[in-house]
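Student: Each chain, written out:
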Amino acid sequence: MKDMEEEKTAADLENPADNFIFHIGLADVIRLTMFGTLISVSRFVFQLPVGIPGHTSVYWMGLLILGKGLIPKFGAGAIMGIVSGILAVVFGLGKEGPLLVFKCIVPGVLLDILAILFLQKLESIWVGIIIGALISWSKLLASIALGVILDIPMVFLAMGFGYATLLHVIFGAAGGVLATVLIKRLKPRLASSWQS
Amino acid sequence: MTINKRIGIGLLLLVLVVGGAFLFEQLIKAQGSRNGKLVPVVQYDKIAVYLDAGVIRQLGEQERERKQSTGNSNEVSLGFVLGSAGIGDYKYIEARGVGDSEEFKLSSREIGSIVLSPNSNSTFAMIDKADGNRVLLKEVTKFHVTN
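Chains as they are written, first to last, in this note's numbering: chain A, 1 to 196; chain B, 197 to 343.
Bound conformation, chain A alone (with noise of 0.2 Å):
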C-alpha cells in the first residue's frame, strides 16, 4: 500500500503539467488561454458601431461555451474568463478601466456552474440557448454592478434594462446555438488528439 502511494507520488512529480490549475492538465490550460484569447480578439476585431446592447454576446459566449464544450472540466470557464479579462483590460477594452477583468470572469464562473447542472451536455442545442443566454444576462448584470460601484447615475443603469436583457439573451443564445453546433462537429476530431 505505502510502495504504491509513493510511486503515485512519484508520478505525480515526474508530470506535474497533468495538474496544472483547478485539476486541468497544462495542455487544456494552454488551449484555454487560447480561447481566452479569441474571444478578447473578437471582441477588438469585431468591434461594430450598431449601438445594439449584447451583439458581442453572439461569439464573446459561442466562444466561452465551445471551450468548455471541448475541454470539460471544472475551471475551464473561469480560466477563459479571467484571460479575457486580462487581455481586455490589456486592449482598453470597455470604459470600466481594470474592473473590467470581473466582467469577464463572471460569464465563465457561471458556465462552469451551469454545465453540471445541464450535466455537461453542451452539445444539445437547448443546453447551448438557455446557458448563451443566463451568461450572456449574467454579462449584463455584471455591468450594472460595475456601474453601482463606479457610481454611474442610476437612470442610465435601470432605463433600457428589459430591452437589454432581450437583447442579451436573444444575443447569448446564437451563440450558444453556434457553439453546439461547431462543438458536435470538432469534439470527434479533437477527441484523439487532445487527450492530456
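There could be a bad hint or two in this list.
[Claimed, not checked] Cut-off 30 Å, straight-line C-alpha distance, at most; resulting in silico cross-link-like pairs (DSSO-like, lysine-lysine):
no.: 1; chain 1: A; residue 1: Lys187; chain 2: B; residue 2: Lys201
no.: 2; chain 1: A; residue 1: Lys121; chain 2: A; residue 2: Lys73
no.: 3; chain 1: B; residue 1: Lys301; chain 2: B; residue 2: Lys338
no.: 4; chain 1: B; residue 1: Lys225; chain 2: B; residue 2: Lys301
no.: 5; chain 1: B; residue 1: Lys301; chain 2: B; residue 2: Lys263
no.: 6; chain 1: A; residue 1: Lys187; chain 2: A; residue 2: Lys121
no.: 7; chain 1: B; residue 1: Lys242; chain 2: B; residue 2: Lys334
no.: 8; chain 1: B; residue 1: Lys301; chain 2: B; residue 2: Lys334
no.: 9; chain 1: B; residue 1: Lys263; chain 2: A; residue 2: Lys95
no.: 10; chain 1: B; residue 1: Lys301; chain 2: B; residue 2: Lys287
no.: 11; chain 1: B; residue 1: Lys201; chain 2: A; residue 2: Lys184
no.: 12; chain 1: A; residue 1: Lys95; chain 2: B; residue 2: Lys225
no.: 13; chain 1: A; residue 1: Lys121; chain 2: B; residue 2: Lys201
no.: 14; chain 1: A; residue 1: Lys73; chain 2: B; residue 2: Lys201
no.: 15; chain 1: B; residue 1: Lys287; chain 2: B; residue 2: Lys338
no.: 16; chain 1: B; residue 1: Lys338; chain 2: B; residue 2: Lys242
no.: 17; chain 1: B; residue 1: Lys338; chain 2: B; residue 2: Lys225
no.: 18; chain 1: B; residue 1: Lys338; chain 2: B; residue 2: Lys325
Worth flagging that the hints you see were computed from the coordinates, not collected in a lab.
Got chain A sorted already, so can you dock chain B onto it with the hints?
Tutor: Frame of chain A; chain B shown alone:
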C-alpha cells in the same frame, strides 16, 4: 432529474428573467417617479428624458467645465439641463414636487435664474438664484414642457 426536465426549467427561467427585467424596469420607473428619485421631463405628452440626482451632478460638472468656473457646488442651471436633453423651443415649463408641494409655471425668461441642486437622498431641489437662493421645490418629481 432528467436532462429534458432541466431544459424545461431552464427555458422557464429564461422567460422569467426577461419578464422580470421588464417588470423591474417599470417598478423602478414608477417608484422613482413617485419619490422624486427619477424625474421625467414630459414634452408633447411623451417622456423626453429622465433625470436623477446623479445626472444633475454630472451636468453640473459639465456646465462648470464649459464656463471654466471653479465653484464646488453641484448645482446646474435648468436651462443647461433642458438644452442637454435637446429641449430648446418652449413657452413655459411646469415643475411639480413631492406630495402636495406647490406647482411652478416658469416662462423661458424666468428659467435663466433657476438652478437644480442634488439632495443627499438621491433627489434634487429647484432653487431660484434671483430670489436669494429661495428653494422653490425641495424634491422635484416632474417637469412638463409646453410648446
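Student: Please go over all the hints and tell whether each is borne out by the structure.
Tutor: Hint check results:
{"no.": "1", "hint": "A:Lys187 with B:Lys201", "result": "holds (25 Å)"}
{"no.": "2", "hint": "A:Lys121 with A:Lys73", "result": "holds (12 Å)"}
{"no.": "3", "hint": "B:Lys301 with B:Lys338", "result": "holds (12 Å)"}
{"no.": "4", "hint": "B:Lys225 with B:Lys301", "result": "holds (24 Å)"}
{"no.": "5", "hint": "B:Lys301 with B:Lys263", "result": "holds (27 Å)"}
{"no.": "6", "hint": "A:Lys187 with A:Lys121", "result": "holds (12 Å)"}
{"no.": "7", "hint": "B:Lys242 with B:Lys334", "result": "holds (25 Å)"}
{"no.": "8", "hint": "B:Lys301 with B:Lys334", "result": "holds (16 Å)"}
{"no.": "9", "hint": "B:Lys263 with A:Lys95", "result": "holds (26 Å)"}
{"no.": "10", "hint": "B:Lys301 with B:Lys287", "result": "holds (10 Å)"}
{"no.": "11", "hint": "B:Lys201 with A:Lys184", "result": "holds (22 Å)"}
{"no.": "12", "hint": "A:Lys95 with B:Lys225", "result": "holds (26 Å)"}
{"no.": "13", "hint": "A:Lys121 with B:Lys201", "result": "holds (13 Å)"}
{"no.": "14", "hint": "A:Lys73 with B:Lys201", "result": "holds (23 Å)"}
{"no.": "15", "hint": "B:Lys287 with B:Lys338", "result": "holds (17 Å)"}
{"no.": "16", "hint": "B:Lys338 with B:Lys242", "result": "holds (12 Å)"}
{"no.": "17", "hint": "B:Lys338 with B:Lys225", "result": "holds (12 Å)"}
{"no.": "18", "hint": "B:Lys338 with B:Lys325", "result": "holds (20 Å)"}
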